[in-house]
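Colleague: Each chain is listed here by its residues.
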Amino acid sequence: MHTQAQPVGGPLFTRGYMVLLAIAGIGIALMIWRFAVGLGAATGLSDGYPLGIWIAFDVVTGTALACGGYAVALLVYIFNKGNYHPLIRPAILTSALGYTIAGASVAVDLGRPWNMWKIPTYFWSWNLNSSLLEVALCIMAYVCVLWIELSPAFMEKWSVDGPPLLKRWSQRLLPILNKALIWIIALGMLLPTMHQSSLGSLMMLAGPKLHPLWFTGWLPLLFLMCCLAMGYSIVVFESVFSSTAYGRKPEMPMLINLQKIAAWGGLVFIVVRMADLAYSGNLRYATQLDLYGTMFWIENVMWILPLAMMLASPRPNLGSLFRGAIVVALAGGLYRFDTYLVAFQPGPGWHYFPSVPEMFITFGFIAIELAIYIAVVKRFPILAGRTPAH
Amino acid sequence: MSTDRRAFFKNIATAAATLTVLPTVAQAREKKTAPSDAVGMLYDTTKCVGCKACVVACKEENKLPADIDGYGQGLYDAPDSMNQYTKNIIQLYKDGDDQSYVKKQCMHCIDPACVGACMLGALEKGKFGVVSYDVSKCVGCRYCETVCPFNVPKFQWAKVAPKIVKCEFCKDRLAAGKEPACTAVCPRKAVIYGTYTELLEEAHRRLRENPGKYVNKVYGEHELGGTQMLYLSHIEFEKLGFRFKQDESVPHLQQAVSHGIYKGFVGPIALYGLLGAVMFRNRGNSDKES
Chain U
1 MHTQAQPVGG
11 PLFTRGYMVL
21 LAIAGIGIAL
31 MIWRFAVGLG
41 AATGLSDGYP
51 LGIWIAFDVV
61 TGTALACGGY
71 AVALLVYIFN
81 KGNYHPLIRP
91 AILTSALGYT
101 IAGASVAVDL
111 GRPWNMWKIP
121 TYFWSWNLNS
131 SLLEVALCIM
141 AYVCVLWIEL
151 SPAFMEKWSV
161 DGPPLLKRWS
171 QRLLPILNKA
181 LIWIIALGML
191 LPTMHQSSLG
201 SLMMLAGPKL
211 HPLWFTGWLP
221 LLFLMCCLAM
231 GYSIVVFESV
241 FSSTAYGRKP
251 EMPMLINLQK
261 IAAWGGLVFI
271 VVRMADLAYS
281 GNLRYATQLD
291 LYGTMFWIEN
301 VMWILPLAMM
311 LASPRPNLGS
321 LFRGAIVVAL
331 AGGLYRFDTY
341 LVAFQPGPGW
351 HYFPSVPEMF
361 ITFGFIAIEL
371 AIYIAVVKRF
381 PILAGRTPAH
Chain L
1 MSTDRRAFFK
11 NIATAAATLT
21 VLPTVAQARE
31 KKTAPSDAVG
41 MLYDTTKCVG
51 CKACVVACKE
61 ENKLPADIDG
71 YGQGLYDAPD
81 SMNQYTKNII
91 QLYKDGDDQS
101 YVKKQCMHCI
111 DPACVGACML
121 GALEKGKFGV
131 VSYDVSKCVG
141 CRYCETVCPF
151 NVPKFQWAKV
161 APKIVKCEFC
171 KDRLAAGKEP
181 ACTAVCPRKA
191 VIYGTYTELL
201 EEAHRRLREN
211 PGKYVNKVYG
221 EHELGGTQML
231 YLSHIEFEKL
241 GFRFKQDESV
251 PHLQQAVSHG
261 IYKGFVGPIA
271 LYGLLGAVMF
281 RNRGNSDKES
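Chains as they are written, first to last, in the working numbering: chain U, 1 to 390; chain L, 1 to 290.
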């Protein structure tokens with residue numbers, strides 16, 4: 001797969017980068033500490049709220065934000081929009097990083113992570129009713145798929161100027177990989193369809209503990225639509241960001257179209273959600289403006305807002321695209337966060353607020369992700385176009 | 001381009017059609033019934049005097065450590081609910097003249113949410129219908145705690161190698177032909193052990209022979225798909241902390257929907273083939289730069 005992608009180049013260890021590394025360092029130190037003292041001392045978790053921000057944010061929201069690769073791949077390979085190809089590599093890179101970090105978060109969150117290897121290997125023990133098993137296996141497989149999808153970017157560089165051994169292997173593997181890639185990419189679209197919808201099924205099993213405004217048999221479909229809208233908007237966000245940060249010409253018409261998909265997707269999401277709630281009769285809970293009713297309406301307004309913004313300014317510029325993309329990401333993120341934490345009602349007497357170390361471990365993960373992203377785009381051919389922005 | 005677009009919409013339509021039949025499929029999952037060898041307990045609030053002999057017996061039988069967390073001087077061992085040191089507890093409800101004790105432990109659901117949740121079957125419904133725990137298959141994800149409608153499974157938060165703690169119906173005692181520690185020790189026979197069917201009959205006999213004495217239902221006969229722990233009470237069950245009265249089991253909807261999507265893994269394989277086929281047709285185009 002030949003692209004016009006080229007490394008950004010330039011110095012890596014800028015002042016901003018050192019700050020990122022410092023935050024990452026604090027996060028890593030706290031992770032080590034968490035394993036020394038146990039989850040009780042390190043987190044705000046309890047038997048009432050056994051899942052916290054590491055799951056609700058790092059995994060459930062984080063992997064949706066990492067759906068750019070999935071969303072653009074659908075557009076390019078299934079919708080046959082080859083001209084969007086330049087957006088694929090950066091999207092796959094953020095997806096690969098996002099999913100890898102989500103996996104690392106799970107390892108920190110699990111009580112007995114040393115048993116993790118049993119999930120893919122103890123197939124005779126697999127509980128096929130468990131949505132969590134499906135999510136776990138799918139995400140493990142998808143992380144591998146994403147890095148394979150991305151590997152040509154590394155091999156293209158190594159086959160030219162890598163160390164001798166790496167160079168020889170890259171030259172040998174690259175053509176084989178390019179031929180097989182179509183089936184790997186197909187897998188890269190199947191797996192997110194499965195696990196992103198299953199992330200919705202997961203909370204279906206919370207049953208009566210989940211507030212009726214969020215509990216529905218349509219959770220899988222809602223979660224799938226949510227991750228697609230977020231995927232397109234995150235590609236817009238990232239493209240605007242990297243074009244500004246690295247002086248590249250943004251692919252404006254494409255980005256406008258992606259944001260259109262995300263914004264109209266938001267409307268479809270709301271229509272499906274409202275229709276289901278109206279049909280089940282649970283919409284009546286939306287008239288109570290308690291915490292749940294209020295959060296429900298904030299989510300809905302945020303889902304509609306990007307479309308309103310788009311219709312209000314028919315000729316979007318970089319700034320308005322950026323703002324629109326952020327609103328979609330926030331709307332989807334809030335919906336997922338609410339489904340896992342706010343709408344979860346373990347019963348009277350239980351409270352959860354993340355502890356400071358818990359939050360700093362999450363910040364650490366975000367910093368690690370950004371630091372690797374910056375290092376990779378500066379050294380490897382990820383971003384397309386060398387023309388500076390006007 | 002237009003034919004590809006048509007193909008794309010066809011894919012979407014197929015997916016949508018699959019998802020549309022889900023609610024219908026959801027109705028179709030069969031309701032689970034108690035296993036034929038199911039045992040159970042029947043607890044009667046009118047007989048319990050709150051002596052907590054069962055709480056002590058449970059601690060001894062399961063070798064659970066004293067609960068002295070957060071009280072200082074190692075002086076406290078009277079927890080107010082189930083926790084990582086306590087698999088069985090007696091609680092008191094009191095509001096004016098309304099008063100009742102209530103025993104809490106795992107309900108050993110007929111269709112347990114925790115068992116449906118557990119990835120490798122560390123929680124399993126086995127012999128006698130007992131929901132038991134096998135630490136060797138547990139990764140400590142705590143999804144069982146998230147989904148249990150009775151908030152039963154507890155996690156050893158203070159440990160570096162934590163396990164899930166829950167009542168396992170003294171399964172070793174059952175295997176040895178003995179009854180569970182809590183029922184064996186109860187001086188008022190407020191909680192009794194027996195087979196599920198005989199206890200259900202006994203509960204209905206008490207309801208029949210003592211009109212007006214109890215709330216007219218056996219909690220656990222239908223609730224959450226039925227539980228092997230059965231309750232008779234003179235106080236409304238909501239007041240005793242039983243929040244939910246739905247008859248449908250927790251896993252019912254999720255498993256119906258998931259089975260609808262994943263039955264025989266046909267859906268995913270078909271989707272994979274479809275994705276590959278569409279990509280194969282589109283090959284060449286996707287590499288074109290704008």
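Since the hints were derived computationally from the structure, they do not count as laboratory data.
Treat each hint with caution, since some may be false.
[To be verified] The list that follows gives simulated cross-link-like pairs (lysine-lysine, DSSO-like), each with its CA atoms no further than 30 Å apart:
#1 L:K263 <-> L:K213
#2 L:K47 <-> L:K59
#3 L:K239 <-> L:K32
#4 L:K63 <-> L:K263
#5 L:K137 <-> L:K31
#6 L:K47 <-> L:K137
#7 U:K118 <-> L:K245
#8 U:K118 <-> U:K249
#9 U:K118 <-> L:K52
#10 L:K52 <-> L:K32
#11 L:K94 <-> U:K118
#12 U:K118 <-> L:K171
#13 U:K118 <-> L:K163
#14 U:K118 <-> L:K47
#15 L:K94 <-> L:K263
#16 L:K178 <-> L:K94
#17 L:K213 <-> U:K118
#18 L:K63 <-> L:K213
#19 L:K245 <-> L:K63
#20 L:K32 <-> L:K159
#21 L:K94 <-> L:K171
Colleague: A separate judgement is required for each hint: does it hold in the structure or not?
Modeller: Verification of the supplied hints:
Straight-line distance between C-alpha atoms of K263 of chain L and K213 of chain L comes to about 48 Å, which puts the hinted pair past the 30 Å bound. Among the hinted pairs, K47 of chain L with K59 of chain L is consistent with the structure: their alpha-carbon atoms are about 22 Å apart, no more than 30 Å. Between K239 of chain L and K32 of chain L the CA atoms are separated by roughly 28 Å; this keeps the pair inside 30 Å, and the hint holds. With a C-alpha separation of about 43 Å, the suggested pair K63 of chain L and K263 of chain L falls outside the 30 Å cut-off, and the hint is violated.
Distance restraint check for K137 of chain L and K31 of chain L: the Cα-Cα separation of roughly 27 Å lies within the 30 Å cut-off, and the hinted pair is therefore satisfied. Between K47 of chain L and K137 of chain L the CA atoms are separated by roughly 40 Å; this puts the pair beyond 30 Å, and the hint is violated. At roughly 37 Å between alpha-carbon atoms, K118 of chain U and K245 of chain L are farther apart than 30 Å, so this suggested pair is violated. The suggested pairing of K118 of chain U with K249 of chain U is violated, with an alpha-carbon distance near 47 Å, which exceeds 30 Å.
Using a Cα cut-off of 30 Å, the hinted pair K118 of chain U and K52 of chain L is violated, with the two alpha carbons roughly 40 Å apart. The suggested pairing of K52 of chain L with K32 of chain L is violated, with an alpha-carbon distance near 33 Å, which exceeds 30 Å. Restraint check: the Cα-Cα separation between K94 of chain L and K118 of chain U comes to about 47 Å, which exceeds 30 Å; the hinted pair is violated. A hinted pair counts as satisfied when its Cα atoms are at most 30 Å apart, and K118 of chain U with K171 of chain L qualifies at roughly 26 Å.
Restraint check for K118 of chain U and K163 of chain L: satisfied, since their Cα atoms lie roughly 16 Å apart, inside the 30 Å limit. About 47 Å separates the Cα atoms of K118 of chain U and K47 of chain L, which puts this hinted pair outside 30 Å; it is violated. Distance check on the hinted pair: K94 of chain L and K263 of chain L sit about 49 Å apart at the alpha-carbon level, beyond 30 Å; violated. Taking the CA atoms of K178 of chain L and K94 of chain L, the gap is near 34 Å; set against the 30 Å cutoff, the hint is violated.
Using a Cα cut-off of 30 Å, the hinted pair K213 of chain L and K118 of chain U is violated, with the two alpha carbons roughly 52 Å apart. With a C-alpha separation of about 37 Å, the suggested pairing of K63 of chain L with K213 of chain L is violated against the 30 Å cut-off. For the hint linking K245 of chain L to K63 of chain L, the alpha-carbon distance of about 34 Å lies beyond 30 Å, and the restraint is violated. With a CA separation close to 36 Å, the supplied pair K32 of chain L and K159 of chain L exceeds the 30 Å bound.
With a CA separation close to 33 Å, the supplied pair K94 of chain L and K171 of chain L exceeds the 30 Å bound.
Hint compliance for this structure: hints 1, 4, 6, 7, 8, 9, 10, 11, 14, 15, 16, 17, 18, 19, 20, 21 are broken, all remaining hints hold.
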